[in-house]
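Engineer: Residue numbers (my numbering), protein chains in the order written: chain A, 678 to 772; chain B, 48 to 541.
Don't read these hints as lab results, they were simulated from the structure.
Computed cross-link-like contacts, DSS-like style, restricted to lysine-lysine with a CA-CA straight-line distance of at most 30 Å:
no., chain 1, residue 1, chain 2, residue 2
1, B, Lys-131, A, Lys-738
2, A, Lys-738, B, Lys-287
3, B, Lys-439, A, Lys-738
4, A, Lys-769, B, Lys-398
All figures in this text were calculated on a predicted structure; none of them were measured in a lab.
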Amino acid sequence: MSIDTETAARVAKLARIRVEEAELPALAQEFSRILDFVEQLNEVDVEGVEPMVSVTPMRLKRREDVVTDGGMQDRVLANAPDAREGFFAVPKVVE
Amino acid sequence: MSDLPKMKIAEARDALRNGDVTSVELTEACLAAIDGADALGAFVHKTPEVAMGQARSADTRIKEGGAPDLCGIPLGIKDLFCTKGVPSQAASRILEGFRPEYESTVSGKLLDDGAVMLGKLNMDEFAMGSSNETSAYGNAVNPWRRNGDETALTPGGSSGGSAAAVAADLCLAATGTDTGGSIRQPAAFTGITGIKPTYGRCSRWGIVAFASSLDQAGPMTKDVRDAAIMLRAMCGHDPKDSTSADLPVPDFEAMLTGDIRGKTIGIPREYRMEGMPDAIETLWAEGRKMLEDAGAILRDISLPHTKYALPAYYVIAPAEASSNLARYDGVRYGHRAKLSQGDGITEMYEKTRAEGFGDEVKRRVMVGTYVLSAGFYDAYYNRARKVRTLIKRDFEQVFAEGIDAILTPATPSAAFELGRQVEDPVEMYLNDVFTVTVNLAGLPGVAIPTGTDSQGLPLGLQLIGRPWEEGDLLNTAYALEQAAGFVAKPSQWW
Numbered sequence: 678m679s680i681d682t683e684t685a686a687r688v689a690k691l692a693r694i695r696v697e698e699a700e701l702p703a704l705a706q707e708f709s710r711i712l713d714f715v716e717q718l719n720e721v722d723v724e725g726v727e728p729m730v731s732v733t734p735m736r737l738k739r740r741e742d743v744v745t746d747g748g749m750q751d752r753v754l755a756n757a758p759d760a761r762e763g764f765f766a767v768p769k770v771v772e
Numbered sequence: 048m049s050d051l052p053k054m055k056i057a058e059a060r061d062a063l064r065n066g067d068v069t070s071v072e073l074t075e076a077c078l079a080a081i082d083g084a085d086a087l088g089a090f091v092h093k094t095p096e097v098a099m100g101q102a103r104s105a106d107t108r109i110k111e112g113g114a115p116d117l118c119g120i121p122l123g124i125k126d127l128f129c130t131k132g133v134p135s136q137a138a139s140r141i142l143e144g145f146r147p148e149y150e151s152t153v154s155g156k157l158l159d160d161g162a163v164m165l166g167k168l169n170m171d172e173f174a175m176g177s178s179n180e181t182s183a184y185g186n187a188v189n190p191w192r193r194n195g196d197e198t199a200l201t202p203g204g205s206s207g208g209s210a211a212a213v214a215a216d217l218c219l220a221a222t223g224t225d226t227g228g229s230i231r232q233p234a235a236f237t238g239i240t241g242i243k244p245t246y247g248r249c250s251r252w253g254i255v256a257f258a259s260s261l262d263q264a265g266p267m268t269k270d271v272r273d274a275a276i277m278l279r280a281m282c283g284h285d286p287k288d289s290t291s292a293d294l295p296v297p298d299f300e301a302m303l304t305g306d307i308r309g310k311t312i313g314i315p316r317e318y319r320m321e322g323m324p325d326a327i328e329t330l331w332a333e334g335r336k337m338l339e340d341a342g343a344i345l346r347d348i349s350l351p352h353t354k355y356a357l358p359a360y361y362v363i364a365p366a367e368a369s370s371n372l373a374r375y376d377g378v379r380y381g382h383r384a385k386l387s388q389g390d391g392i393t394e395m396y397e398k399t400r401a402e403g404f405g406d407e408v409k410r411r412v413m414v415g416t417y418v419l420s421a422g423f424y425d426a427y428y429n430r431a432r433k434v435r436t437l438i439k440r441d442f443e444q445v446f447a448e449g450i451d452a453i454l455t456p457a458t459p460s461a462a463f464e465l466g467r468q469v470e471d472p473v474e475m476y477l478n479d480v481f482t483v484t485v486n487l488a489g490l491p492g493v494a495i496p497t498g499t500d501s502q503g504l505p506l507g508l509q510l511i512g513r514p515w516e517e518g519d520l521l522n523t524a525y526a527l528e529q530a531a532g533f534v535a536k537p538s539q540w541w
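Chain A extracted, bound-state conformation:
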């Protein structure tokens, strides 16, 4: 599978990672190499096989739908690069 620079640019955009124009051809080549490697999976007959969803067969536990924690705004914000007036601050989101 060969990935072109346009696809590489689209994937970078989807992943929200800025990639400079000049780096796109090398990136596309690396993707192609990795996808060639995983292409081997097409040799396997998977007809009628269920995709694995849980590693060990177990029923996920449920818990009571009640508040168990909270009231720690300062601690939640303690690591924020920009926190103001008790909120996370971000650049303009809408035009």
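Knowing the structure of chain A, use the given hints to seat chain B on it.
Structural biologist: Same frame as chain A, now just chain B:
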């Protein structure tokens, strides 16, 4: 230099109780060894004040009697574990400055037992790598060197700092995590023991997530007994991780009898790789002989989908990583890029992630994004998950046929040199060829040092066990350890 850091957990546990040594003395000796070993790049955040406070409390607790096994034992903690108030950045620039407000369940359990945290250990960025070369802190270096040669070798990865620290006797043991081989491969490269337990044995809560269906924590220790002691302390159900198993945790140490008579050990023919070095072939043959001499029955088995484990892993792990790493957005913690006039929120995400992630992490996040994207989800991700079902079924079948454990090499080579030009990312991925099947199937696997190559470097074998039977697996490993009698240590150059 004091010999105290050379102690094993079991020895120190007894010495602490007999009053032959105090945790304060042990901890001071480890801290001195760590300060003298900066050339190894193992400890990336040292926490001497925290450690000394914990050591003093441990000494009081031991005097009072009834203290847990790990009370007063100085450990290193992989940087992937969130440790309260102590930098925890998964060896990534994007988490620079992050000091968690909470403690991971596993490190918390160790600390509750009275263990002493000496500091945080180097690793590949977000545990993505097999040589510790993707770390934002720089390389960790293997304390082992080839005979008469000063070339710096990798301690393996991703738990490279943990492996180097234990092998160099900077701490008594360390925590590691294993997504595709990240405990077992570095253990094999440094002549120590490392076990990845069954998926669900250890809580993943508070461990920075890489691939949630594959990640497991485990101990990296100087021998099998220590692995049994430390694993018991790390395991157990945690309501904060819904995939953690609500099963009793046995006393693994008490199960170490060394008696494996009548056990059936499978030798999978698909693990005989083309171009495998003679030293690995020989090591494996010797391991088979040792187990046979100990009374085990050896049987050739087939795990037909082995060949597809690496390609399936390199779809599933990046897919999960791309989802897990979406949280690094520059808003709630860690790095945020400096923005230009007029930049909006999308530019903030894109610049922050471009600056914060290293090349291998970016590559995997983007590959994961691609295989999950519309139009490719079935062809890649779903197909890989189906192949994963088949890989697990291979193991289920041999276990149903009476196999108790499976013996394989741990790695396809001994430790290789740092800085080797790897132009092809796939070449590095091949390091995990013997270990990755175990993560895909959720099984326990342990690496034990059993020999050296012609250049004096340690080599390890891997034993794979039935789900939840770590005790039995460790007992087989114990028998192998006793037969191999591996006692070599790296000579100190750092």
